[in-house]
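Chemist: The listed protein sequences derive, respectively, from chains G and V.
Each step along the first sequence adds one to the number in numbering that gives the first Met the number 0, with nothing skipped, and position 235 is 234.
Each step along the second sequence adds one to the number in numbering that gives the first Met the number 0, with nothing skipped, and position 149 is 148.
Hints are not guaranteed to be accurate.
As the list claims (entries may be wrong) - Quick look at which bits of chain G chain V covers, simulated, 3 or more residues with Cβ under 8 Å:
hint : segment
1    : 17-26
2    : 380-393
To be verified - Computed far set for chain G versus chain V, every beta-carbon distance over 10 Å:
hint : residue
3    : Glu29
4    : Gly100
5    : Thr154
6    : Arg164
7    : Gly271
Hints were generated in silico from the structure; no laboratory data involved.
Source: prediction; values computed, not measured.
A virtual CB, placed ideally from N, CA and C, is assigned to each residue, including glycine.
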Amino acid sequence: MRDEALRKALRETAVPVPAEAERRGLQVVEAAYAERPAPRGRRREGRRPALPRLVLAFSIATLLTALLLSPAGAAVRDWVGEVVGSSAPKPEPGLSEIPGGGRLLVQSAVGPWVVQPDGSRRRIGDYDEASWSPRGLFVAAAKGRALSALEPDGTPHWSVTADARVRQPRWSPSGFRIAYRSGRSLRVVAGDGTGDRLVNPDTAPVAPAWSPFGTPEVAYVNAEGQLRIADSEMSASRSGAPPDMAGAVAGRDVRQIEWGAGGRLILEVSPGGLHLQGMRLNKLEGRSEFRRRTALAIPAGATVVDAALAPRHPLAAAVVTHWRSAGTRSAVVVYGPKKRDPRRLLSVPGSLGEVAWSPDGKRLLVAWPGTNEWLFLPVGRGEGRAVAGVSNAFAPGGRKSSFPRVEGWCCGR
Amino acid sequence: MREAQEGSGAAMARLYSLHWRRAYRAAYLVVHDATAAEDIAQDGFLAAVGALDRFDRRRPFGPWLHRIVVNRALDWARREALRRKVAREQSVFEPLPPPHEVSGEMVAALKELPAEQRAVVVLRHLLEYTPGEIAEMLELPRGTVNSRLRRGLDRLRETAREELDAEVGQ
Chain G
0 MRDEALRKAL
10 RETAVPVPAE
20 AERRGLQVVE
30 AAYAERPAPR
40 GRRREGRRPA
50 LPRLVLAFSI
60 ATLLTALLLS
70 PAGAAVRDWV
80 GEVVGSSAPK
90 PEPGLSEIPG
100 GGRLLVQSAV
110 GPWVVQPDGS
120 RRRIGDYDEA
130 SWSPRGLFVA
140 AAKGRALSAL
150 EPDGTPHWSV
160 TADARVRQPR
170 WSPSGFRIAY
180 RSGRSLRVVA
190 GDGTGDRLVN
200 PDTAPVAPAW
210 SPFGTPEVAY
220 VNAEGQLRIA
230 DSEMSASRSG
240 APPDMAGAVA
250 GRDVRQIEWG
260 AGGRLILEVS
270 PGGLHLQGMR
280 LNKLEGRSEF
290 RRRTALAIPA
300 GATVVDAALA
310 PRHPLAAAVV
320 THWRSAGTRS
330 AVVVYGPKKR
340 DPRRLLSVPG
350 SLGEVAWSPD
360 GKRLLVAWPG
370 TNEWLFLPVG
380 RGEGRAVAGV
390 SNAFAPGGRK
400 SSFPRVEGWC
410 CGR
Chain V
0 MREAQEGSGA
10 AMARLYSLHW
20 RRAYRAAYLV
30 VHDATAAEDI
40 AQDGFLAAVG
50 ALDRFDRRRP
60 FGPWLHRIVV
70 NRALDWARRE
80 ALRRKVAREQ
90 SVFEPLPPPH
100 EVSGEMVAAL
110 KELPAEQRAV
120 VVLRHLLEYT
130 PGEIAEMLEL
140 PRGTVNSRLR
150 RGLDRLRETA
160 REELDAEVGQ
């Protein structure tokens, strides 16, 4: 057969172009086009009032808290018992939907993005970091010395300026407060941007964690490496900060703390290990108390990269990495409510990144920067999914960029 | 293009309509995966949107878009080959259902080619670029393009000879 005949056959090869794909592509392109800096400056549309949404957020959060305090776990124990594991699923080339639903908050080199359940994404500004409000109605975002509250479409509601660079803003479950670090200090501001106050002037570089009991208590790690609890509404002492209510020695080099949704545990994450600090609510005095602290077993010689508590179940997930002469290997492990021995969900060559739970606690999102993928792993039965091309998806114009970080996987809308 | 650069959303939509199908087909014929092709074509357009203000209007839009699309498709195909090697190491997850595939002898024959050969064949015979243009797009020496093209065509011819003979009446 001659080349010309071959060419003709190639040209006439029928490759149907799905209309849905064309439509989706157009939506994404139009959204990107609308977001690009306009040639002659565009203004955002008018702001909507914050108060009704904050009230709604508070009502829903209160209801959710009540639900979360109820016992849950038997079904989850079953899932863990049936956990499969351990190689990565086949990658899909792009995020056409978020498995299990919900929305992602993703921090890229150029700012945070909100990813909708259908996979469409929108950059919400050029902030340095961001985190969800409890029901995903708002985003707390930091840039330089400014802390801002935004709608998920990027519309700003308010902004406060601190004395030093703002980091690690965390919205309380009630929706009424935001804790954040500014320089070395820990501060709290009301959800409407008022009443900014100092909590502790000298803290470790660890994001604060709010009590899920609905009390104004916030956990943090002080400069001496102690895990402390402060009542953000107590009167200030002479130092200008409210006195701490309770304290306990945290593990060495703690990088992250998380107060579990049931309120009974604070997870401490350090490269060398995972610890669960037992907590109890003293109902008479309306404050939390420390109880027993236990270590979670990690594989010998492994380093903890990231860990997270499940939102609705007594489960913890962690990413651990081994550096060996034969090559780096990483694993995702899940800890059940009673047996502290981890179950391995996944083991892959190379390094894995952060781990995030889905809002329903049935899936994990695990970052795999080396292959430019996100892995969506079911904790129980079901198939894992992998999404490729992650860094390009969060770079203007789809250019190659550094791998983004998942800051939160929030409730649907 | 000029109107799109000046902020006309309708012009951008027209540009999309003009070029989407060819971009998608080119991506599909390299990666043989409908979802991947969609994503790759979409990425190509996103890159176009990102660089719209810098785009030289005197140059045609199509080749620039195809360059991005085919390069990304090649990256995807290479990475997929690597993934298959990794996946063999341990396989516990149930396999995902096979992706929807387009039937047709020519498509099947193309799929048998290595990704690098597929890309040059698609660029040459579907998108009708010259070997010199392909060399520039893929940042390859022209001789490499020619040899990949030759090997690709030879293998295509072997794989699809009978069917193609029938299709083109030879």
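Chemist: Run every hint past the structure and note whether it holds.
Modeler: Now for the hints, and whether the structure bears them out:
1. Evaluation of the coverage hint for the segment 17-26 of chain G: fulfilled, as 6 residues show C-beta separations to chain V shorter than 8 Å, against a requirement of three.
2. Coverage of the segment 380-393 of chain G by chain V holds. Counting CB-CB distances below 8 Å, 7 residues qualify, and the rule asks for three or more.
3. A cut-off of 10 Å between C-beta atoms contradicts the statement that Glu29 of chain G is not in contact with chain V; the least separation is 6 Å.
4. For Gly100 of chain G, the shortest C-beta to C-beta distance to chain V comes to about 19 Å, beyond the 10 Å cut-off, and the non-interface label holds.
5. With a least beta-carbon separation of about 20 Å from chain V, Thr154 of chain G lies farther than 10 Å from that chain, consistent with its non-interface assignment.
6. The Cβ of Arg164 of chain G sits about 29 Å from the closest Cβ of chain V, beyond the 10 Å cut-off, so the non-interface label holds.
7. No beta-carbon of chain V is positioned within 10 Å of the beta-carbon of Gly271 of chain G; the least distance is around 27 Å.
In terms of the numbered hints stated before, the structure departs from hint 3 and from no other.
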